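Based on the provided sequences and hints, a complete structural model is requested.
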Amino acid sequence: MENDILVQLRSTSLFRGLSDEMLATLAERAVMRKLAPNDILMKKGEAGDSLFLIHTGWVKIVTEDSKGDELILNKCGPGEIIGEMALLDSEPRSASVIALEDAEALEVKQSAFQDALDKDPDISLSIIRSYSNRLRFSTTYIEKAIDWAQKIAEGDYSFIDQTQPLSKNAQTADDKAAQLLSAFFTMVRKVKEREDGLKQQLEQLSFEIDQARRKQEFEEITGTEFYAKLKEQAKNLRQKRAQQ
Amino acid sequence: MNKGKIVSIHSFRGGTGKSNTTANLAAQVALAGKRVGVVDTDIQSPGIHVLFGLDETKMGKTINDFLHGTATIREIGFPIGENTGGAEGRAKLAGKNLWLFPSSIRGREISQILREGVDFNKLNEGLQTTISEFDLDYLFIDTHPGLNEETLLSIATSDILIIILRPDNQDLQGTSVTVDIARSLDVPHLMLMVNKALPKYDFAQIKKEIEAKFSAPVSGVLPLTFDLADNASNDLFSLRYPDHEWSKSLRGVADAILAVK
Ligand SMILES: Nc1ncnc2c1ncn2[C@@H]1O[C@H](COP(=O)(O)OP(=O)(O)OP(=O)(O)O)[C@@H](O)[C@H]1O
Ligand SMILES: [Mg+2]
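Line order of the protein sequences matches chains A and B. My numbering numbers the first residue of the first sequence as 33 and each following residue consecutively. My numbering numbers the first residue of the second sequence as 60 and each following residue consecutively.
Don't read these hints as lab results, they were simulated from the structure. This structure is a prediction, so every number in the text was calculated from the model and none was measured. Be careful, since some hints might not be right.
What the hints assert, rightly or not - Non-contacting residues of chain B with respect to chain A, defined by C-beta distances greater than 10 Å in every case (computed): (1) Arg72; (2) Gly112; (3) Lys120; (4) Ala130; (5) Lys155; (6) Asn156; (7) Ile219; (8) Asn293; (9) Ala318.
Stated by the list, open to error - Calculated lysine-lysine pairs in the DSS-like style (CA-CA distance at most 27 Å, straight line): (10) B/Lys151 - A/Lys183; (11) B/Lys181 - A/Lys272; (12) B/Lys117 - A/Lys247; (13) B/Lys266 - A/Lys247; (14) B/Lys181 - A/Lys261; (15) A/Lys141 - A/Lys92; (16) B/Lys64 - A/Lys267; (17) B/Lys307 - A/Lys224; (18) B/Lys62 - A/Lys272; (19) A/Lys183 - B/Lys62; (20) A/Lys247 - A/Lys267; (21) A/Lys261 - B/Lys307; (22) B/Lys259 - B/Lys272; (23) B/Lys151 - B/Lys117; (24) A/Lys263 - B/Lys272; (25) B/Lys266 - A/Lys183; (26) B/Lys267 - A/Lys247; (27) B/Lys62 - B/Lys120; (28) B/Lys181 - A/Lys267; (29) B/Lys93 - A/Lys261; (30) A/Lys75 - A/Lys92; (31) A/Lys224 - B/Lys266; (32) B/Lys64 - B/Lys93; (33) A/Lys92 - A/Lys107; (34) A/Lys272 - B/Lys93; (35) B/Lys267 - B/Lys307; (36) B/Lys307 - B/Lys272; (37) B/Lys62 - B/Lys320; (38) B/Lys259 - A/Lys183; (39) A/Lys263 - B/Lys62; (40) A/Lys263 - B/Lys64.
Just so you know, even glycine gets a beta-carbon here, dropped at the ideal spot from N, CA and C.
Written out as structure tokens, the structure is:
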């Protein structure tokens, strides 16, 4: 199992740059937490001083909507990291995490991480690089998402075929942006399906022309001296053009 | 020899998209390799020059000078293909044969022309001279809405008349009168174009319905789109966004013009 954990840690973008030795130190000090369905892993508002690597099973990340009902923000499974901002700050948790089934999560304490940092300050560089990559990645996708949202508003869904959604096992699988993106694609597909359905029932228009008014307006315009002259001139012109 | 066709773009009510349509149609036809002129006879509210990136500072002599006899047609034609400026869409017109014949945007001159009125023979002579001087295949005229005298003149002189309407009863009512007038003035080719249709409607049905009402072809049904409104008349939309639904349908109208023998 020890080995499993090392492999999982290394596969995350956050820890990818760490040496085997450092990963082993982190893994050693990490605690495996076993969860039964509905067990709470983190509670929104609590102080956050550790991150979790989901080892097995699935958890949901939830908050409350304005009515106090549970709102699921995301679901995370094996290999995904949650609460990683806790390594940098000790802000309260922004959401709660609850087990959906039997699950195991590896807890890495901020203190363990900081000890590792003290031993090898170079790690900080690698971690900062990883955070900034993730940020840049998110920004790019946010920009893309804005662009796509505009396209959807126009009813243009062509980008779905032109864009490869990131798959779950891509390198960035633990990235929130990739998850957001995949949720976004699912939503777009659903919207498109619904719209395709609606297209079958486009609204029909019918028009009414008031023929008496049409005739009256026509006569008002054509009844003038100006018009009579113009009609004559136009007729001559057309004859002349026809001869050319 | 008189080979160029006069294409008038008209609508009964204002704001139907005449200026945008005229500019984009002219650009598409020029892009197809034709020699094209665009006349802005909407003297009361000139606007098409903006779409071609022309402002008052760049504007030399205008139609008004010609109508006053103080300028020749040669002096008025502004070569768009040599002055595409920075806009992405317009840049595609570089080297194309497209001239704009702007009307003056100075208020005093405009009211003077309106007071004096425009004579049919003089207008027609001017248009024919324009066609032969620039060896044009098509001369597009962006008209003023409604059926005032200047507009009747441009209808009377057109080879092709395109009436733009929005798909509502008020526009259909006004269009019905224009259609009757065009027939009374023996316009050889009459086409309708629907603009600003809400996407929730069935465009094929709109086309069928209107064609049946007027016994005239509807050469395109173009959607209402915020993108065009957004573009704020700064560039030629169909060149800038060729894959947009509006642009695709507009090219259909350009094709219908090119198909007229
Ligand atoms: N299909 C469309 N969807 C949305 N907006 C449009 C569309 N067509 C034109 N518009 C907008 O409507 C306004 C009027 O367009 P335009 O100036 O081309 O019309 P016009 O008929 O020449 O007007 P006028 O009668 O004032 O000369 C412009 O702001 C233009 O951007
Ligand atoms: Mg206009």
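Hints, verified against the model:
no.: 1; hint: Arg72; in the structure: holds, 13 Å
no.: 2; hint: Gly112; in the structure: holds, 25 Å
no.: 3; hint: Lys120; in the structure: holds, 26 Å
no.: 4; hint: Ala130; in the structure: holds, 24 Å
no.: 5; hint: Lys155; in the structure: holds, 27 Å
no.: 6; hint: Asn156; in the structure: holds, 22 Å
no.: 7; hint: Ile219; in the structure: holds, 13 Å
no.: 8; hint: Asn293; in the structure: holds, 18 Å
no.: 9; hint: Ala318; in the structure: holds, 19 Å
no.: 10; hint: B/Lys151 - A/Lys183; in the structure: holds, 24 Å
no.: 11; hint: B/Lys181 - A/Lys272; in the structure: holds, 16 Å
no.: 12; hint: B/Lys117 - A/Lys247; in the structure: violated, 46 Å
no.: 13; hint: B/Lys266 - A/Lys247; in the structure: holds, 24 Å
no.: 14; hint: B/Lys181 - A/Lys261; in the structure: holds, 14 Å
no.: 15; hint: A/Lys141 - A/Lys92; in the structure: holds, 21 Å
no.: 16; hint: B/Lys64 - A/Lys267; in the structure: holds, 17 Å
no.: 17; hint: B/Lys307 - A/Lys224; in the structure: holds, 21 Å
no.: 18; hint: B/Lys62 - A/Lys272; in the structure: holds, 13 Å
no.: 19; hint: A/Lys183 - B/Lys62; in the structure: violated, 43 Å
no.: 20; hint: A/Lys247 - A/Lys267; in the structure: holds, 22 Å
no.: 21; hint: A/Lys261 - B/Lys307; in the structure: violated, 41 Å
no.: 22; hint: B/Lys259 - B/Lys272; in the structure: holds, 22 Å
no.: 23; hint: B/Lys151 - B/Lys117; in the structure: holds, 20 Å
no.: 24; hint: A/Lys263 - B/Lys272; in the structure: holds, 25 Å
no.: 25; hint: B/Lys266 - A/Lys183; in the structure: holds, 26 Å
no.: 26; hint: B/Lys267 - A/Lys247; in the structure: holds, 23 Å
no.: 27; hint: B/Lys62 - B/Lys120; in the structure: holds, 26 Å
no.: 28; hint: B/Lys181 - A/Lys267; in the structure: holds, 16 Å
no.: 29; hint: B/Lys93 - A/Lys261; in the structure: violated, 34 Å
no.: 30; hint: A/Lys75 - A/Lys92; in the structure: holds, 12 Å
no.: 31; hint: A/Lys224 - B/Lys266; in the structure: holds, 25 Å
no.: 32; hint: B/Lys64 - B/Lys93; in the structure: holds, 11 Å
no.: 33; hint: A/Lys92 - A/Lys107; in the structure: holds, 4 Å
no.: 34; hint: A/Lys272 - B/Lys93; in the structure: holds, 24 Å
no.: 35; hint: B/Lys267 - B/Lys307; in the structure: holds, 19 Å
no.: 36; hint: B/Lys307 - B/Lys272; in the structure: holds, 25 Å
no.: 37; hint: B/Lys62 - B/Lys320; in the structure: holds, 11 Å
no.: 38; hint: B/Lys259 - A/Lys183; in the structure: holds, 16 Å
no.: 39; hint: A/Lys263 - B/Lys62; in the structure: holds, 23 Å
no.: 40; hint: A/Lys263 - B/Lys64; in the structure: holds, 20 Å
Taken one by one, the earlier hints fail for this structure at numbers 12, 19, 21, 29, listed in ascending order.
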